[in-house]
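Here the protein sequences come in this chain order: U and A. Here the first sequence is numbered in the UniProt record's numbering, starting from 1 and rising by one per residue. Here the second sequence is numbered in the UniProt record's numbering, starting from 1 and rising by one per residue.
It is possible that some hints are incorrect.
According to the in silico footprint, chain A covers these stretches of chain U (three or more CB under 8 Å from chain A) [stated by the list, open to error]:
hint, segment
1, 4-12
2, 31-42
3, 53-60
4, 64-71
5, 92-105
Partial list, computed: chain A residues near chain U (C-beta under 8 Å) [what the hints assert, rightly or not]:
hint, residue
6, 47
7, 48
8, 67
9, 68
10, 126
11, 160
12, 161
Below, simulated DSS-like cross-link-like pairs (lysine-lysine); rule was C-alpha separation at most 27 Å, straight line [as the list claims (entries may be wrong)]:
hint, chain 1, residue 1, chain 2, residue 2
13, U, 176, U, 153
14, A, 110, U, 110
15, U, 125, U, 110
16, A, 110, U, 125
If you're looking for bench data, these hints aren't it; they were derived computationally from the structure. Using N, Cα and C, we set each Cβ at its ideal position, and we do this for glycine too.
2 protein chains.
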Amino acid sequence: MSQTVDRALSILPLLAEGPADLGQVADRLDVHKSTALRLLRTLHEHGLVYRQSDQRYRLGARLFALAQEAVENLDVREIAHPHLVRLNENCGHTVHLAVHEDGEVLYIDKVDSRYPVRMYSRIGKPVAITVAAVAKLLLADLPDPERRTFAEKLDYPMYTSRSTPSAPAFLRELDKVREQGWATDLGGHEESINCVAAPIRGTDGRVVAAMSVSAPNVVVTETELLTLLPLVRRTAEAISAEYSGKTPTKETSS
Amino acid sequence: MSQTVDRALSILPLLAEGPADLGQVADRLDVHKSTALRLLRTLHEHGLVYRQSDQRYRLGARLFALAQEAVENLDVREIAHPHLVRLNENCGHTVHLAVHEDGEVLYIDKVDSRYPVRMYSRIGKPVAITVAAVAKLLLADLPDPERRTFAEKLDYPMYTSRSTPSAPAFLRELDKVREQGWATDLGGHEESINCVAAPIRGTDGRVVAAMSVSAPNVVVTETELLTLLPLVRRTAEAISAEYSGKTPTKETSS
DNA sequence: AATGGCCGTTGCGGAGGATGCAATGGCCTC
DNA sequence: GAGGCCATTGCATCCTCCGCAACGGCCATT
Numbered sequence: 001m002s003q004t005v006d007r008a009l010s011i012l013p014l015l016a017e018g019p020a021d022l023g024q025v026a027d028r029l030d031v032h033k034s035t036a037l038r039l040l041r042t043l044h045e046h047g048l049v050y051r052q053s054d055q056r057y058r059l060g061a062r063l064f065a066l067a068q069e070a071v072e073n074l075d076v077r078e079i080a081h082p083h084l085v086r087l088n089e090n091c092g093h094t095v096h097l098a099v100h101e102d103g104e105v106l107y108i109d110k111v112d113s114r115y116p117v118r119m120y121s122r123i124g125k126p127v128a129i130t131v132a133a134v135a136k137l138l139l140a141d142l143p144d145p146e147r148r149t150f151a152e153k154l155d156y157p158m159y160t161s162r163s164t165p166s167a168p169a170f171l172r173e174l175d176k177v178r179e180q181g182w183a184t185d186l187g188g189h190e191e192s193i194n195c196v197a198a199p200i201r202g203t204d205g206r207v208v209a210a211m212s213v214s215a216p217n218v219v220v221t222e223t224e225l226l227t228l229l230p231l232v233r234r235t236a237e238a239i240s241a242e243y244s245g246k247t248p249t250k251e252t253s254s
Numbered sequence: 001m002s003q004t005v006d007r008a009l010s011i012l013p014l015l016a017e018g019p020a021d022l023g024q025v026a027d028r029l030d031v032h033k034s035t036a037l038r039l040l041r042t043l044h045e046h047g048l049v050y051r052q053s054d055q056r057y058r059l060g061a062r063l064f065a066l067a068q069e070a071v072e073n074l075d076v077r078e079i080a081h082p083h084l085v086r087l088n089e090n091c092g093h094t095v096h097l098a099v100h101e102d103g104e105v106l107y108i109d110k111v112d113s114r115y116p117v118r119m120y121s122r123i124g125k126p127v128a129i130t131v132a133a134v135a136k137l138l139l140a141d142l143p144d145p146e147r148r149t150f151a152e153k154l155d156y157p158m159y160t161s162r163s164t165p166s167a168p169a170f171l172r173e174l175d176k177v178r179e180q181g182w183a184t185d186l187g188g189h190e191e192s193i194n195c196v197a198a199p200i201r202g203t204d205g206r207v208v209a210a211m212s213v214s215a216p217n218v219v220v221t222e223t224e225l226l227t228l229l230p231l232v233r234r235t236a237e238a239i240s241a242e243y244s245g246k247t248p249t250k251e252t253s254s
């Protein structure tokens, strides 16, 4: 809506790909170098971009601080975290917490597996929305028409042969997920990784977040992972209860 | 330099304090509500602010994603991380990695203590610059005049009775730190927490980052912590060596 | 050592966009 | 049902942002 700001903000994802010099930025924005310079300077003054010693620009440190403060304002995360850690101590696998925001689903917390396996997911990274178990839970809770139009707009990349192939298939899956109150991703994103997830609900019963346990099938089979489902659901319910204020927190109850 | 962008970006720290509605934002920016609305809309389209259900605005999720990608581009961090983890496994205490950027010092990595103690520090959070051991190392490496003017501009909050009280005291401390090649913070930030730190240097010998080990004196005394100094310095030197390319990394050496 | 090219930087006039005003409409309260 | 509060919109005015062109520093090339 505001051209100048729009251009300035477009620089950020651009620099996220890696450092760039003035000319590159100007080219990518399709503006004159002097314009790009002014925008970069303004971003710099706010600490959002940093000028490294070779004069190229990259994302700045203030961005971390802002992201940190943003995450601290999400109270679901704070409440959920100890539960996630405890779950990880019980089962040993990777635990994720995700929320839905403006058509994206993203991880806001993660407790790493205690097995020596790496999993490619990062806090803050958008989730593969058509296949991830947490995404299914979050989207299944949307009102019907919205869910429909949203599903139509999506791409359905076939990460593996078991990925959700199309909008109708996705909508059917969402219906199933909503009905059963939990979700899975069985090799839909990475062939060898399975995942079970459960929803976290607010006072009004709406899904505010979703959590999942993931493990590669070199560690546990699909069926073994599914035996964890009751534990995952209980954890999610405990978080829901605390989030809704049903359990007294540290604060003195008035 | 660009008024419009400047105003837009000023909204971000404002929202970092907590959610705000349109009127509040307009007041704080000292602009008309319609102007604030347009700016907020632009920020929203880029995912930097999010409109919650009560119509108030807060910081958006894209900020995480950006911050994450920013941190991934810092190769010191990537190289240092395994070393930090190993150090943590050896001594059990909290390990920090920090860099200096535009007059701020901030943590870019952290490995939590294996003792059941909480430490108040977060990745991305600016460091208490006048007392933290890592900050002393990073600032001690600045060229003389710059260091001087910088020290003058600082505030010297007395977190504890052992905090650095003034610019001259700070400059003396920096001289000492530079000479000895390591730094401490003995109860200067929090009364009961001590800290030893060592510098990480690039090819040209300049300090590019600093790392530290921190522990509360309920766990180890000041002197006990100081016995870890050689280990900390060796770790820092190992990271420096690898960062300078003296040790072959995973890549095939050409 | 001299030269050419590249890149960042600056000053300036014109044009396009951002600004603030005033009016509308939805929502909640009294 | 009336009043007030807040978000939202259309519009005319003015300001500010834009692209141009010229400068200057730096590096590589001859």
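Hint consistency between residue 110 (chain A) and residue 110 (chain U) [alpha-carbon to alpha-carbon, up to 27 Å] | Given that 27 Å is the threshold and the Cα spacing comes to 15 Å, the pair holds.
Do the numbers back the hint for residue 67 (chain A), that is, is its least Cβ distance to chain U under 8 Å?
-> This interface hint holds because 4 Å falls under the 8 Å limit.
Hint check: 8 Å Cβ-Cβ cutoff, residue 161 (chain A) to chain U | 28 Å, violated
Quick one, is the residue 160 (chain A) hint okay against chain U at 8 Å, beta carbons?
-> 24 Å, violated
Hint check: is the beta carbon of residue 126 (chain A) less than 8 Å from a beta carbon of chain U?
-> 6 Å, holds
Holds or violated: residue 125 (chain U) to residue 110 (chain U), with C-alpha atoms at most 27 Å apart | It holds: about 11 Å lies between the C-alpha atoms, which stays within 27 Å.
Do at least three Cβ atoms from the segment 4-12 of chain U come closer than 8 Å to Cβ atoms of chain A?
-> holds (count 7)
8 Å C-beta test of the segment 53-60 of chain U against chain A, three or more residues = Result for this restraint: holds, n = 3.
Are there three or more residues in the segment 64-71 of chain U whose C-beta lies closer than 8 Å to some C-beta of chain A?
-> Held - the segment 64-71 of chain U has 8 residues with a Cβ nearer than 8 Å to chain A, which meets the minimum of three.
Coverage of the segment 31-42 of chain U by chain A (three or more Cβ within 8 Å) | holds (count 4)
Closer than 8 Å between Cβ atoms is the bar; does residue 48 (chain A) clear it against chain U? Give me holds or violated.
-> 7 Å, holds
Tell me if chain A covers the segment 92-105 of chain U under the three-residue, 8 Å CB rule, please?
-> This one holds; 4 residues, not fewer than the three required, reach chain A with a Cβ under 8 Å.
Violated hints, listed in ascending order, are 11, 12; each of the other numbered hints is respected by the structure.
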